[in-house]
Amino acid sequence: METILALTVVAELPHDLGIDGQAVFAFEHGAPWQEWDEVSMAGLAGYPPAMAEGRRPKFRLAFERCRVRSRLPLQAADKTFGRWVMPLLPARQRLRRRVGLRLASILGLREMVTVVSITAFIPEGDLPPDPFDGWYEARIGMAIDVLNEFLVALGIQRGDPRIGPVSRSDLPPVVPLIAEKQPVEGTKREGSTWLVPLHPWVPNPVTEPLDHQELLHAATLFRGGIEGTTPWFSVLEVGHHAIRDGLAGRYGPSVVSAATCVEILLSTVVRTVGPVRGWSKERIDGALGSGLKNVLTVHVAKLLAVSVDLEDESAVWGRWWNAGYMVRNKAVHAGHRPSEAEADEATNATMHVVAEVGRLIKEDSELQHLSFGLPDSVSVGEDWIARTRQSLPTTPGR
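Numbering of the sequence shown is given in this note's numbering, commencing with residue 192 and proceeding in unit increments.
No lab work stands behind these hints: they were computed from the structure. The model shown is predicted, which means the values in this text are computed figures rather than measured ones.
Straight-line C-alpha distance at most 20 Å; calculated EDC-like pairs for lysine to aspartate or glutamate:
#: 1; residue 1: K493; residue 2: E454
#: 2; residue 1: K521; residue 2: E531
#: 3; residue 1: K372; residue 2: D321
#: 4; residue 1: K521; residue 2: D336
#: 5; residue 1: K249; residue 2: E328
#: 6; residue 1: K553; residue 2: D567
#: 7; residue 1: K493; residue 2: E557
#: 8; residue 1: K372; residue 2: E193
#: 9; residue 1: K249; residue 2: E226
#: 10; residue 1: K493; residue 2: D476
#: 11; residue 1: K249; residue 2: E315
#: 12; residue 1: K493; residue 2: E473
#: 13; residue 1: K249; residue 2: E229
#: 14; residue 1: K249; residue 2: E219
#: 15; residue 1: K249; residue 2: D336
#: 16; residue 1: K379; residue 2: E193
#: 17; residue 1: K521; residue 2: E454
#: 18; residue 1: K249; residue 2: D228
Please take these sequences and the hints and turn them into a complete structure.
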């Protein structure tokens with residue numbers, strides 16, 4: 192019989208679905224695998240009693256529930272800022288609150304958790320000769336996509352908008368991956384299992400205190416955004432969203448946010464630099480209404496005294512236009528689902544555009560006073576993102 196790889200991703204869902212001991216299936220059209228029949232394929236997938244003719248198993252989602260102990264809500268808040276609350280309560284209520292919280296923290300909170308195993312059935316002929324990190328990563332992404340398709344269907348069927356797609360950051364930072372070959376002789380299972388990282392939000396029992404200088408810089412930027420002393424805060428904010436979405440596995444929103452970041456940047460350049468260059472309000476309004484491509488290649492180029500060639504992908508402008516904005520258009524207008532690599536490239540290209548604008552403004556003596564808050568280099572760069580993604584081994588034996 193043809194060898195089939197059953198590749199399974201196991202994930203704890205962030206919210207209990209109330210599904211226990213049940214499975215759902217997805218099939219593909221085709222003849223049975225070599226020397227398999229409808230009954231044996233159904234036995235492999237756990238789909239009794241037999242597959243329908245002309246179909247074979249592709250995915251299985253099996254759900255189970257269990258009760259686990261979790262952190263008591265507001266326990267940390269009570270330990271830290273409870274001293275602000277207690278003096279405002281009557282003495283008897285303070286006593287009841289203290290005793291109740293103490294008892295609850297000892298007993299803990301037990302909640303139901305839904306766990307799902309997403310299994311893909313892959314014929315040996317469809318496997319790469321030497322499965323590598325990228326192949327396993329693509330299969331994990333596919334498993335999450337399949338899970339999300341089901342969660343959307345479940346949310347629609349239940350009429351419950353709280354049920355819907357999950358991103359990587361909604362799941363634990365690592366997931367078990369199980370690879371088993373079928374069929375096997377006898378009862379001994381044949382395969383391997385290892386942990387695969389999903390995102391960098393790994394719980395850390397001991398976090399180093401934040402450097403005081405970093406806190407001061409953050410507070411200064413924060414005040415600049417609140418008080419309006421820097422016009423660039425919304426640019427940095429949306430760019431930060433793009434990076435976070437990419438690391439969290441929300442690749443579509445990441446690409447859209449990256450493009451939006453540059454659109455806001457270009458509009459801010461026209462509104463902020465225009466008056467310094469002597470442009471009238473009418474000219475600024477006309478420039479902003481001329482379309483994104485004209486804003487960039489004509490008006491921003493003139494204001495910053497720079498040549499912009501969108502066809503030159505080796506330059507920051509062309510790189511962003513092709514790897515960022517064009518991919519955003521495909522996602523928004525054609526339903527394209529960006530990959531991890533596309534999201535990373537879009538955000539990296541965006542951060543380089545922001546840094547290039549910052550550099551041009553800081554090097555122009557007439558514009559230097561506008562540079563507060565605008566970086567002139569890439570702080571969260573491509574190397575940092577790559578290192579973050581490679582924080583744990585993703586293939587067996589590494």
